[in-house]
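**Student:** Sequence lines, in order, name chains A and B. For the first sequence, this note's numbering assigns the number 1 to the initial residue and increments by one for each residue that follows. For the second sequence, this note's numbering assigns the number 1 to the initial residue and increments by one for each residue that follows.
I should point out that these hints are in silico values taken from the structure, not numbers from a laboratory. From a predicted model like this one, the values you see are computed outputs, not experimental measurements. You may find that some hints are simply not true.
[As the list claims (entries may be wrong)] Think about it this way: if two alpha-carbon atoms lie no more than 25 Å apart in a straight line, the pair counts; the simulated SDA-like pairs of lysine to any residue are: (1) B:Lys176 x B:Glu162; (2) B:Lys180 x B:Asp135; (3) A:Lys92 x A:Asn162; (4) A:Lys92 x B:Ala81; (5) A:Lys92 x B:Lys180; (6) A:Lys92 x B:Ser134; (7) A:Lys92 x B:Leu194; (8) B:Lys188 x B:Asp135; (9) B:Lys180 x B:Ser134; (10) B:Lys188 x B:Arg163; (11) A:Lys92 x B:Pro80; (12) B:Lys176 x B:Ser134; (13) A:Lys92 x B:Lys188; (14) B:Lys176 x B:Gln138; (15) A:Lys92 x B:Gln93; (16) A:Lys92 x B:Thr85; (17) B:Lys180 x B:Gln129; (18) B:Lys176 x B:Val144; (19) A:Lys92 x B:Arg185; (20) A:Lys92 x B:Arg174; (21) A:Lys92 x B:Gln65; (22) A:Lys92 x B:Arg73; (23) A:Lys92 x B:Leu43; (24) A:Lys92 x B:Ala145; (25) A:Lys92 x B:Leu69; (26) B:Lys188 x B:Ala128; (27) B:Lys188 x B:Arg139; (28) B:Lys188 x B:Arg174; (29) B:Lys180 x B:Ala146; (30) A:Lys92 x B:Arg76; (31) A:Lys92 x B:Pro22; (32) B:Lys188 x B:Gly137; (33) A:Lys92 x B:Ala21; (34) A:Lys92 x B:Ser195; (35) A:Lys92 x A:Leu205; (36) B:Lys188 x B:Arg102; (37) A:Lys92 x B:Thr164; (38) B:Lys176 x B:Ser195.
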Amino acid sequence: MSDLRSSPDVLIQALTADLSPVRRLVPPPLRALGWLAAVGGSAAALACFADLGAVARRLAAAPDMWLAVTGSLLTAVLAALAAFQTVVPDRKPAWALLPLPGLLLWASASGLGCLRTWFVPEAQAANLAEARSCLVFILGVSVPLSVLLVAMLRRGYSLRPNLTATTGGLAAAAAAATLLNLFHPYDAAATDLAVHALAVTIVILANRTLSGRVLRAA
Amino acid sequence: MRVAGTGSDGAGAAEVEARLAPLMAAAQDGDPSAYQRLLRACLPLVRATARSQGVPADRVDDVVQEVLLAVHRARRTYDPARPFTPWLRAIAQRRSIDALRRQGRQRTREVYAPLAYESYPDPTATAAQVLEQSDRGQRLRAAVAALPEGQRQAVEELALQERTLDEASASTGRAKGALKVNLHRALKGLRARLSGGEGRNV
């Protein structure tokens, strides 16, 4: 390639010599929908193993938990859309801020849940072992979701691979945290919230490091 | 600065856009001649963008090459329903910034100076230090010249020309022991003279 780089004319000749048609990229919202459909499929599969009655009873008993679930789901949707936008060169990097409203709702609703455990004596908070299983669940479910997301993002061309990878990591972590609600019969406690935050942070950092490398090489 | 063909005014920009967007759409469909015309037409815009980002003139061609490769890799991401020049300009701006960062990193850890060891002066030396070194050299040369003949020969042969005792002995015809004694006395005298005690031990 070094000799090709000596002149733009030589490089242009080389690039056009064996030109083949390319399939245009589907618009980012549709691609995000594709990934979210895969998340929905995973949710349906996991629901087969979950006690949906217990989930419904828990949400009915603590309606504010809907806010946290809505927040994490909104974060996953918006972060996925933002990630797919950032792999199109002419889209602004400010798209990466899109998931912020969902993230704020998620964090504040989860924080509110912590307060409830102080005021409602019968609230059942997760112990350390249960919190650890939450961590394992979020990390474990995030891996396939991240792999799928990066494989889809690679079809685009990110000018800021780290930003794309971080946003994608947030989408995968938020989706995994949303799916966790199917198997999470505890009220939110400070330790539980801290473990969730830790898991989300690990997923984002791992994506930034590993997926960022993959996207740079694409 | 107005760049020919890049359309720095509104009408020119619209004209460039109307010319390039269909070429890119054709290139996506696999038309090599359209692609070649497109890439050639992109060059002025890419160069202008690189310069406007502050890329030095000698690096602009490197950025042009990077942008052409990026356009080739990213060509499937262009949506013909949207304008082409913002898409191209975004790539050119980003690659220019990358080039500037790379250059900045190189500057912090690399110096391109193949003859530096032979020809480059000590960068830490100030003008006053250089003058002082020169003055010290002159005083040393004068002090050596003022030494008795045997001591001067010993200093020149053993210290300045770094010859061995055997070589110095062969060159001067003096015994090795005499050379050693003369060198010892000469150094003692020079040390006394240069440190201000001139004539005390000579």
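**Student:** Next step is simple, just say for each hint if it's right about the structure.
**Tutor:** Status of the hints after comparison with the structure:
1. B:Lys176 x B:Glu162: Given pair lysine 176 of chain B, glutamate 162 of chain B holds - Cα atoms ~15 Å apart, limit 25 Å.
2. B:Lys180 x B:Asp135: 28 Å, violated
3. A:Lys92 x A:Asn162: 15 Å, holds
4. A:Lys92 x B:Ala81: Since the Cα atoms of lysine 92 of chain A and alanine 81 of chain B sit roughly 17 Å apart, the hinted pair holds (cutoff 25 Å).
5. A:Lys92 x B:Lys180: This hinted pair is violated, its Cα atoms lying about 80 Å apart.
6. A:Lys92 x B:Ser134: Not OK: lysine 92 of chain A and serine 134 of chain B at ~61 Å, beyond 25 Å, violated.
7. A:Lys92 x B:Leu194: The hint is violated at about 71 Å.
8. B:Lys188 x B:Asp135: 21 Å, holds
9. B:Lys180 x B:Ser134: It is violated: about 29 Å lies between the C-alpha atoms, which goes past 25 Å.
10. B:Lys188 x B:Arg163: Within the cut-off at roughly 20 Å; holds.
11. A:Lys92 x B:Pro80: 18 Å, holds
12. B:Lys176 x B:Ser134: The hint is violated at about 33 Å.
13. A:Lys92 x B:Lys188: 77 Å, violated
14. B:Lys176 x B:Gln138: 29 Å, violated
15. A:Lys92 x B:Gln93: 12 Å, holds
16. A:Lys92 x B:Thr85: Holds: lysine 92 of chain A and threonine 85 of chain B sit about 14 Å apart, inside 25 Å.
17. B:Lys180 x B:Gln129: Judged against 25 Å, a Cα distance of about 33 Å means the pair is violated.
18. B:Lys176 x B:Val144: Between lysine 176 of chain B and valine 144 of chain B the Cα gap is close to 20 Å, so the pair holds against 25 Å.
19. A:Lys92 x B:Arg185: 80 Å, violated
20. A:Lys92 x B:Arg174: It is violated: about 85 Å lies between the C-alpha atoms, which goes past 25 Å.
21. A:Lys92 x B:Gln65: 23 Å, holds
22. A:Lys92 x B:Arg73: 19 Å, holds
23. A:Lys92 x B:Leu43: 23 Å, holds
24. A:Lys92 x B:Ala145: Distance of about 77 Å is beyond 25 Å: violated.
25. A:Lys92 x B:Leu69: 21 Å, holds
26. B:Lys188 x B:Ala128: Distance of about 28 Å is beyond 25 Å: violated.
27. B:Lys188 x B:Arg139: Given pair lysine 188 of chain B, arginine 139 of chain B holds - Cα atoms ~16 Å apart, limit 25 Å.
28. B:Lys188 x B:Arg174: Holds, at about 20 Å.
29. B:Lys180 x B:Ala146: Satisfied, since the Cα-Cα distance of roughly 19 Å is no more than 25 Å.
30. A:Lys92 x B:Arg76: Given that 25 Å is the threshold and the Cα spacing comes to 18 Å, the pair holds.
31. A:Lys92 x B:Pro22: 23 Å, holds
32. B:Lys188 x B:Gly137: 18 Å, holds
33. A:Lys92 x B:Ala21: 20 Å, holds
34. A:Lys92 x B:Ser195: Violated - the C-alpha atoms of serine 195 of chain B and lysine 92 of chain A are around 71 Å apart, more than 25 Å.
35. A:Lys92 x A:Leu205: Given that 25 Å is the threshold and the Cα spacing comes to 22 Å, the pair holds.
36. B:Lys188 x B:Arg102: Since the Cα atoms of lysine 188 of chain B and arginine 102 of chain B sit roughly 56 Å apart, the hinted pair is violated (cutoff 25 Å).
37. A:Lys92 x B:Thr164: 74 Å, violated
38. B:Lys176 x B:Ser195: 28 Å, violated
Violated hints for the displayed structure, listed by number in ascending order: 2, 5, 6, 7, 9, 12, 13, 14, 17, 19, 20, 24, 26, 34, 36, 37 and 38.
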